[in-house]
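Asker: For chain W, the structure is supplied; the task is to place chain P on it using the hints.
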Amino acid sequence: MTAATELRAEQDRGRKVAQNREKWAQSRTYISAVVILFWCLAPAYWMVVTAFRDVGYTYDTSILPTHVTLDNFKTAFDTSFGNHFGQALLNSLFIGAVVTIVSLVIGVFAAYALARLNFKFKYLVLGFILGASMFPGVALITPLFQLFTNIGWMGTYQALIIPNISFVLPLTVYTMTSFFREMPWELEESARVDGCTQGQAFRKVIMPLAAPAIFTTAILAFISSWNEFLIASQLSSDATQPVTVAIASFAGAQPNQIPYTAIMAAGTIVTIPLVILVLVFQRKIVAGLTAGAVK
Amino acid sequence: MATEVGPTSVKAPASGGAPIHHAPKGVGEDNRIATQGRWAAWLLAPTILALSVVIVYPIITAIVMSFQKDAGLDPATGLFTEGGPAGLSNYYNWIFQQCPAPGGGTVECPPGTLGAQFWSATGTTFFFTIVTVTLETVLGFWMAVIMARAFKGRSLVRAAVLVPWAIPTAVTAKLWLFIFAFEGIGNKLFNTTVLWTGSEWPARWAVIIADVWKTTPFMALLILAGLQMIPAEVYEAAKVDGASAWQRFRMITLPLVKPALMVAILFRTLDALRMFDLPYILTGGANNTTTLSILVINQIRQGFNAAAALSTITFIIIFLVAFIFVRFLGANVVEQQTGAGKGKK
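Going down the list, the sequences are from chains W and P. Residue numbers for the first sequence follow this note's numbering, so the first one is 358 and each next one is one higher. Residue numbers for the second sequence follow this note's numbering, so the first one is 3 and each next one is one higher.
Just chain W, same shape as in the assembly:
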């Protein structure tokens, strides 16, 4: 009798210890999660808060928004100090769109071949494409600078689009390759068995399945073109500069005073659409990022 109660007490104690340990582990996880959230979001939050803060209170450090105004957004688009932010937004959109479309149209064939076909030198081709994406931009810039100067392309859109293709295309190819590899290609065969022609099987079965993969790849391609700075900083002019260059060289009324609130407003405009896009397609984006494994 006493032995049994003792045993039960022992078991209870053991369960309690386990429960406590579980609780402690769980709360540690939550503390860590809060730290991660703070570390990732606080600087971005600070950018948005500053964007809405009156210029006179640029260095105000109260955490909540104070002296809220929309003036900074007006200043960001103001061209009287030699800034071309509005034009730069259009330029980035245009360059990004062209680079994305060209890379997708060219890259989709290569990705299909790499994912679906068996051929010699496959590893070599993959290695070449991966190597291309890891290529340092500075190794391209010097010859391009000279070439574009000689043929009068400095400051033109094509001078910005062509180098961008050099790093967006490889990214497109191997992100799409890994997406394609995981697609249920048996369905193509089944459609053929059910009487579809090869073309119909592709259009009616494969295309709808591949559409999300292609769309995700397009987002990743657009983002990396949108973020490009090195080549644009050297080869663009005031008329063709993308947003990254416009923000980096943003000037204020006084030459020695950096107009932080206007820059944060410009940064917010540049970032918010991307962040929304990324959060909406979060799952797909993460899959594309980790499959393609690229910045």
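What the hints contain is simulated information worked out from the structure, not anything from laboratory work. Worth double-checking, as some hints may not be accurate.
[Unchecked claim] Computed list of lysine-lysine pairs in DSBU-like fashion (alpha-carbon distance at most 35 Å, straight line): (1) P:Lys-241 <-> P:Lys-154; (2) P:Lys-154 <-> P:Lys-260; (3) W:Lys-380 <-> W:Lys-641; (4) P:Lys-260 <-> W:Lys-477; (5) P:Lys-71 <-> W:Lys-380; (6) W:Lys-431 <-> P:Lys-260; (7) W:Lys-380 <-> P:Lys-260; (8) W:Lys-641 <-> P:Lys-241; (9) P:Lys-241 <-> P:Lys-260; (10) W:Lys-431 <-> P:Lys-190; (11) W:Lys-477 <-> W:Lys-561; (12) W:Lys-373 <-> P:Lys-154; (13) W:Lys-373 <-> W:Lys-477; (14) W:Lys-373 <-> P:Lys-190; (15) W:Lys-641 <-> P:Lys-71; (16) W:Lys-561 <-> W:Lys-431; (17) W:Lys-641 <-> P:Lys-260; (18) P:Lys-154 <-> P:Lys-190.
[Claimed, not checked] What the simulated footprint calls covered on chain P by chain W, stretch by stretch (three residues with Cβ under 8 Å from a Cβ of chain W suffice, anywhere in the stretch; the number is not a length): (19) 63 to 69; (20) 165 to 172; (21) 219 to 228; (22) 270 to 282; (23) 290 to 302; (24) 313 to 324.
Predicted, not measured: the structure shown is a model, and the values here were computed from it. Using N, Cα and C, we set each Cβ at its ideal position, and we do this for glycine too.
Answerer: Below, chain P without anything else, positioned relative to chain W:
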């Protein structure tokens, strides 16, 4: 690197090419491979052609240029120098930090000129690479382990880590410049009065902190993808066998996540070696934050050919690091990519 339980082999059965792999080898298959090869060649041609135009051609041009002398007035001496073949002198001048002397020959570059910065830029580049990649790996691993756990709000954390990644580097640089401004929130928060971009170590740390903030999420997501490939039963089994948490981490998590981890580290390392945007915008390369990429950009307007030599050196350095990673540290990117752990290459 044979990894029987690596993430790649888990994925392998789903790979599209798999049925062909298993087809009995015979005359029929040879034909099939030949046909597929022809198809592949046509499908790959546009990509290969485009990459040849935008990458291979500029590289070859750069190498040719690097063996030419820069014509024009030498900024250091004010003398006119003729162009023409230069042999290895452009490379020699960078590595031994030599500048053309007034009476012909070379002298040690005066401090402050671009020619005198090669070794300091190389040192800075490697310093940034080693420190940022180490911090990003440790922090990224920690974040990945947290994100792999089941808890309420996990999807919120996974969404939040994408925010720094989605912000363009140029904006990141300006944002941290503002945070690190003398009257900025950085000094206020840490109760310091540091002029962050005003002297060597604070400037370096500003660049490092901004870079770690921006790129740790990428690292964390890659490692998380690797962690999720490990089947839960492996941990269960180890638990039953009485393995402690630390043992489970060291004996199961680390070896199984290693292929994904190595690829993540390789990508980040190569990326860090070409670091440009952050220090260029954040510090302007002042106070010993000039990386090799910044040095090349500064050199371009003073002489294409010398810049071409320096960019070729940068390229070779990055190539060597990549080679060491793949060859000796087992970062098998191509196998990881083809999803075929059995790939013999």
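Asker: Indicate, hint by hint, whether the structure satisfies it.
Answerer: Consistency of the hints with the structure:
no.: 1; hint: P:Lys-241 <-> P:Lys-154; verdict: 24 Å, holds
no.: 2; hint: P:Lys-154 <-> P:Lys-260; verdict: 28 Å, holds
no.: 3; hint: W:Lys-380 <-> W:Lys-641; verdict: 33 Å, holds
no.: 4; hint: P:Lys-260 <-> W:Lys-477; verdict: 29 Å, holds
no.: 5; hint: P:Lys-71 <-> W:Lys-380; verdict: 70 Å, violated
no.: 6; hint: W:Lys-431 <-> P:Lys-260; verdict: 50 Å, violated
no.: 7; hint: W:Lys-380 <-> P:Lys-260; verdict: 30 Å, holds
no.: 8; hint: W:Lys-641 <-> P:Lys-241; verdict: 33 Å, holds
no.: 9; hint: P:Lys-241 <-> P:Lys-260; verdict: 21 Å, holds
no.: 10; hint: W:Lys-431 <-> P:Lys-190; verdict: 29 Å, holds
no.: 11; hint: W:Lys-477 <-> W:Lys-561; verdict: 31 Å, holds
no.: 12; hint: W:Lys-373 <-> P:Lys-154; verdict: 23 Å, holds
no.: 13; hint: W:Lys-373 <-> W:Lys-477; verdict: 62 Å, violated
no.: 14; hint: W:Lys-373 <-> P:Lys-190; verdict: 45 Å, violated
no.: 15; hint: W:Lys-641 <-> P:Lys-71; verdict: 50 Å, violated
no.: 16; hint: W:Lys-561 <-> W:Lys-431; verdict: 48 Å, violated
no.: 17; hint: W:Lys-641 <-> P:Lys-260; verdict: 24 Å, holds
no.: 18; hint: P:Lys-154 <-> P:Lys-190; verdict: 33 Å, holds
no.: 19; hint: 63 to 69; verdict: holds (count 3)
no.: 20; hint: 165 to 172; verdict: holds (count 8)
no.: 21; hint: 219 to 228; verdict: holds (count 6)
no.: 22; hint: 270 to 282; verdict: holds (count 7)
no.: 23; hint: 290 to 302; verdict: holds (count 5)
no.: 24; hint: 313 to 324; verdict: holds (count 6)
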